[in-house]
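Enquirer: All the letters of the sequence shown, read from the start, carry residue numbers 1 to 543 under our numbering.
Source of the hints: derived by calculation from the structure; they are not laboratory data. Given the structure is predicted, the values throughout are model-derived calculations rather than measurements. Backbone N, C-alpha and C define an ideal beta-carbon position, used for all residues, glycine too. Watch out, some of these pointers could steer you wrong.
Claimed, not checked - Have a look at the derived ranges for each label pair, beta carbon to beta carbon:
{"no.": "1", "residue 1": "I228", "residue 2": "V17", "range": "39 to 47 Å"}
{"no.": "2", "residue 1": "Y202", "residue 2": "P45", "range": "28 to 36 Å"}
{"no.": "3", "residue 1": "S4", "residue 2": "F477", "range": "40 to 48 Å"}
{"no.": "4", "residue 1": "A13", "residue 2": "V208", "range": "30 to 38 Å"}
{"no.": "5", "residue 1": "A323", "residue 2": "I228", "range": "47 to 55 Å"}
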Amino acid sequence: MNISALDSAIIVAYLLVVVAIAIVTSRRVRGTSDFFLAGRSMRWPFVGASMFATNISAEQFVGQAGLVFVVGLAVANYQLAGVLAFVAMGAVFLPIYMRLGLYTTPEFLERRYGPESRRFFSLITLVSITFAGIPGSLYAGGRVMEVLFGFESIVPGVLILALAAGPYAMAGGLRTVILTDFIQCLLLVVGGVAMLWMGLGYLGGWGVFETRIQELQGADNWDMLALIQPIDHPNVPWTGVVLGLTIHALAFGATSHVMVQRALAARSVHEARMGGLLAGLLKVVAVFIILIPGLMGYVMAQGAQPLIEVSSPDQLYPAMVQALLPVGLVGLVLAGLIAALMSSLDSEICAASGLFAMDWYQPYRPAATQRRLVWAGRILSAAVVVIGVFWAIVVIPQFRFLYEYLAKFSSYIPGTIVACFLWGMVSKRPTRKGAFATLIAGSIFGVFLWLVNDSAVLNRLVCGEEGLGLAFLEMHFLHAAFVIFAVASVLLFGFSFAFGDEGPVLLEQGDETLMPTRKQDRVYWLGAVGLLLVYVAVYWYFF
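Construct the entire structure; sequences and hints are all you get.
Expert: Structural data, given as structure tokens:
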């Protein structure tokens, strides 16, 4: 892309603002609460914006906008599932998390079950962030910047992102990350709205856009404007959306430390809940500022004289930026894309530092001062950034199967995690030994189910007629997520009954001063109902 001096100045100005925020906020770090949880002082607009910015990456802007070019609007189910997750987080999970004064989500498993469950989940999360999350964000960001700025490889983009996001996340901790995420969220939304507005203006309005989509897709293809697809749809069958995608959304929105850490930084349960509702509303907005522009690009790329020409779906969004936007807006949208890259990366770095310091370093060094815990987190942050750069530049391009295996492994674990969290909150029957046995057995079952569906050799041995003939194990990965959750739920209660060990620590204990008043409760539930009505309206319109 050709970038003007004004657009370049806008991008540089954004980066300078981020640096300034990092310098100012890093001086306010006094202890573990300041560094890992922003002093538990954040208001709901900042919490919600940070949740949204963490969940939205430039890979989604480029990847999902390109994927909708091929699959259609059904891809939006991945965005909309977050609405239910954020409502559930506020209704069920957050009051317990904050009453217990948790620093990390794995800490809940220790308070409810025992330390071995906490270490298991924390280790899985740390490995996932270190070898899949951060390298994946850097690699995807490098690819995006390679396309946007014409770099000859991903290396310059990876290094720029690591050097930009790493230091401010290490210096200022979560407060810096949340404040910069707030700015990044504004850039994402403004840039996305600009793309939507200019795209509709070029096509002649919403009605013309819908008509063109219907004409281009043909009568025999999937409906590209429909959120609900048949059960045999290869990418997003409706059964997978209702069952499996809900489990994945709960795992990331309500149990993942990367996401929940922002809510724990709120000054009260009410502020955290309202932040979750804002994040849920922005997830609905994302459908219109990320995915609808992808469908517009689908229309613009058709015809004898298309406005844009792309050789792969990932080039769609950058091509639309260059074709539609005037000077100035290009810089704003590119700054938004860079913001998306940085917000995902800084969140993973900050989450990893908190997990290491509070779940591993503190239990083994109980006499460690808060200053030492903060520095332990900073050192771990530096280490995971270095590992991430190495994996992004060397391992993923050369041994991509290894990265994909780690990423897929982490996607088949959530069903077990959600079962242990959810049933541990609503029932007192699950016990310490039962939960730990379930975490191990459920994870093994998840890996087995993944390998059966991913490995051709194992698939023939287990599902083929010449093998064991267990064809029912061959399923869509979204269906697998729900199956794993169901199996883990049965295992949890079964193991707990079989072991008959000690009961749980009472979750009623904790700090009641953070709990919402009756008035705040009513405000939250009115907001939650309103958000759910918007959610239903979107599905009704795009049914």
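Enquirer: With reference to the structure, classify each hint as holding or not holding.
Expert: How the hints compare with the structure:
Evaluation of the 39 to 47 Å hint for I228 and V17 yields a pass: the beta carbon distance comes to about 42 Å. The hinted range of 28 to 36 Å is satisfied by Y202 and P45, whose Cβ atoms lie roughly 33 Å apart. Evaluation of the 40 to 48 Å hint for S4 and F477 yields a pass: the beta carbon distance comes to about 43 Å. At about 36 Å, the CB distance of A13 to V208 agrees with the hint of 30 to 38 Å.
Checked against the hint of 47 to 55 Å, the C-beta distance between A323 and I228 comes to roughly 32 Å, which is inconsistent with it.
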